[in-house]
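Chains A and B are the protein sequences, given in the same order.
Sequential numbering of the first sequence, starting at 1, is according to our numbering.
Sequential numbering of the second sequence, starting at 164, is according to our numbering.
Honestly, the hints are just simulated from the structure, not real lab data.
Treat the hints with caution; some may be incorrect.
Coverage of chain B stretches by chain A, computed from C-beta distances (three or more under 8 Å per stretch; other residues unrestricted) [claimed, not checked]:
| id | stretch |
| --- | --- |
| 1 | 190-200 |
| 2 | 312-318 |
Calculated lysine-lysine pairs in the BS3-like style (CA-CA distance at most 30 Å, straight line) [to be verified]:
| id | chain 1 | residue 1 | chain 2 | residue 2 |
| --- | --- | --- | --- | --- |
| 3 | A | K5 | A | K52 |
| 4 | B | K213 | A | K108 |
| 5 | B | K216 | B | K319 |
| 6 | B | K235 | A | K108 |
| 7 | A | K52 | B | K315 |
| 8 | A | K52 | B | K216 |
| 9 | A | K44 | A | K124 |
Idealized CB from N, CA, C, for every residue including glycine.
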Amino acid sequence: MSLLKRIPLFVLRLLALGATVSATAIMITSRDTADVLSMKFEAKFSNSPTFKYFVIVNAIASGYTLILLFFPAKSSCGHFILVLDLIIALLLDSSISACLAIGQVGKKGNSHAGWLPICGQVPKFCDHITGALISGFVAAIIYFLILLYSLHNLMNLFTISQD
Amino acid sequence: MASEGVDKLPEVGHEQVPVVRSKVVWLVPVLRLLAFFATLSATLVMALNKQTKTIVVATIGTVPIQATLTAKFQHTPAFVFFVIVNGNASLHNLLTLVVSFVCKKFDYKGLVPLTITVLDLMNVAFISGGVSAAAFMGQLGRDGNSHARWNKICDKFETYCNHGSGAIIASFIGLMLMTSISTISLVRLRNNYNRIVLNSSVGV
Numbered sequence: 001m002s003l004l005k006r007i008p009l010f011v012l013r014l015l016a017l018g019a020t021v022s023a024t025a026i027m028i029t030s031r032d033t034a035d036v037l038s039m040k041f042e043a044k045f046s047n048s049p050t051f052k053y054f055v056i057v058n059a060i061a062s063g064y065t066l067i068l069l070f071f072p073a074k075s076s077c078g079h080f081i082l083v084l085d086l087i088i089a090l091l092l093d094s095s096i097s098a099c100l101a102i103g104q105v106g107k108k109g110n111s112h113a114g115w116l117p118i119c120g121q122v123p124k125f126c127d128h129i130t131g132a133l134i135s136g137f138v139a140a141i142i143y144f145l146i147l148l149y150s151l152h153n154l155m156n157l158f159t160i161s162q163d
Numbered sequence: 164m165a166s167e168g169v170d171k172l173p174e175v176g177h178e179q180v181p182v183v184r185s186k187v188v189w190l191v192p193v194l195r196l197l198a199f200f201a202t203l204s205a206t207l208v209m210a211l212n213k214q215t216k217t218i219v220v221a222t223i224g225t226v227p228i229q230a231t232l233t234a235k236f237q238h239t240p241a242f243v244f245f246v247i248v249n250g251n252a253s254l255h256n257l258l259t260l261v262v263s264f265v266c267k268k269f270d271y272k273g274l275v276p277l278t279i280t281v282l283d284l285m286n287v288a289f290i291s292g293g294v295s296a297a298a299f300m301g302q303l304g305r306d307g308n309s310h311a312r313w314n315k316i317c318d319k320f321e322t323y324c325n326h327g328s329g330a331i332i333a334s335f336i337g338l339m340l341m342t343s344i345s346t347i348s349l350v351r352l353r354n355n356y357n358r359i360v361l362n363s364s365v366g367v
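Turn these sequences into a full structure, and let the hints steer you where they fit.
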C-alpha cells in the first residue's frame, strides 16, 4: 500500500490505541468508598463481571492495536487483518453496550426488581465509569472507521463498479 | 471476450483469479433463512416474556396479605433494546432474502449488493450490542450483586429467567450466522473486485 494510504490508517490506529488504553486505565482506577449507617462499603470495578469484561476487552484491543501499529502493511495478510478488525470492533461494541446496561441500573435503579440506585452513595465511582464508557465509545467508533477505511482500501468498496 | 459459462481468466502473470460465479450460490440464502428464524424466535420469546407470581408478604392475624408481582421484559431497558434490535435484524434478513430471490442475477457488483453488505455489517454490530447487554443483565438477575445489595430475582421468577436465557441463546446463534454471512459476502465482493481490476489491466 502506498504511503498516502497508510498514513490515515496509522493515525486512526494511534487514536484507537489512545482511546482503548485510556478506557482501560480509567476503569481500573475507579474506586470509591461510602459510609452508610456506620458500615464502610467500597465500590470497585471488580465487583461486577460486566466491568471486568470491559477491562479485558479494552486491554485486548489496545494490545492488538499496538502490535498492528508496527506491522508492515503487506496485502497478503490484509484480509486476515480485516477479519480480526471486525472481531475486535464487535467485541468493543458489546463491552460498551453491557456496561451501559449495568450502569443504567446503577444510576436509576430498577424499582420492579427492588434494586436501589447506588450512584447517590458513590458518586466518584459513577463518574469514573461514565468517563471510561465515553472513552470506550470513542474507541468503538474509531475502530468502525478503521474497518470502513480498510474495506475501501482492500476492495474499493465504495465506488460503484459499472460492468 | 464473451462471457462463458465458467468464467476463467487467461494467465496474466499474476495468480489465477478464482471463478466469480461461485458454485455454492445457495449458501448465503440458506444462512439468511436460518438467521431470520433465529432472530425472529429471539424477538418473539423475549417479547412474550412475562411471569406473574403471588407471594405472601405479611400475615395479619390469620389473613395472609398477598402481593402480586409481575416480571415483564419492559421493566429492563436492556431487554427492550434486545427486542428492538432483534426485530430489526429479522426484518432485514427477511427483506434481503426476498430481494435475493427476486433479483435473478445476484452478481455481487453494483450498488444493491454493496448496500446489503453494509446493512448486514450494521445489523451485526447492533445485534452484538443487544445480545451482550441482555446477557449481562440476565447474569445480574441470576446472581445478584452482593456489593451493591441487589438481590437475585431468578429464584423467584424461574420461567421468566429460562425464557430470557433461551432468547439470548437464539440471538447468539443469529449473531454467529449473520457474521458468517457478512464475511462470505465480503469475500465474494473482493473476488469480484479482483476480477474487475485484472480485466481492466488486461485491457479487455
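Violations among the numbered hints, reported as their numbers in ascending order = 1, 3 and 8
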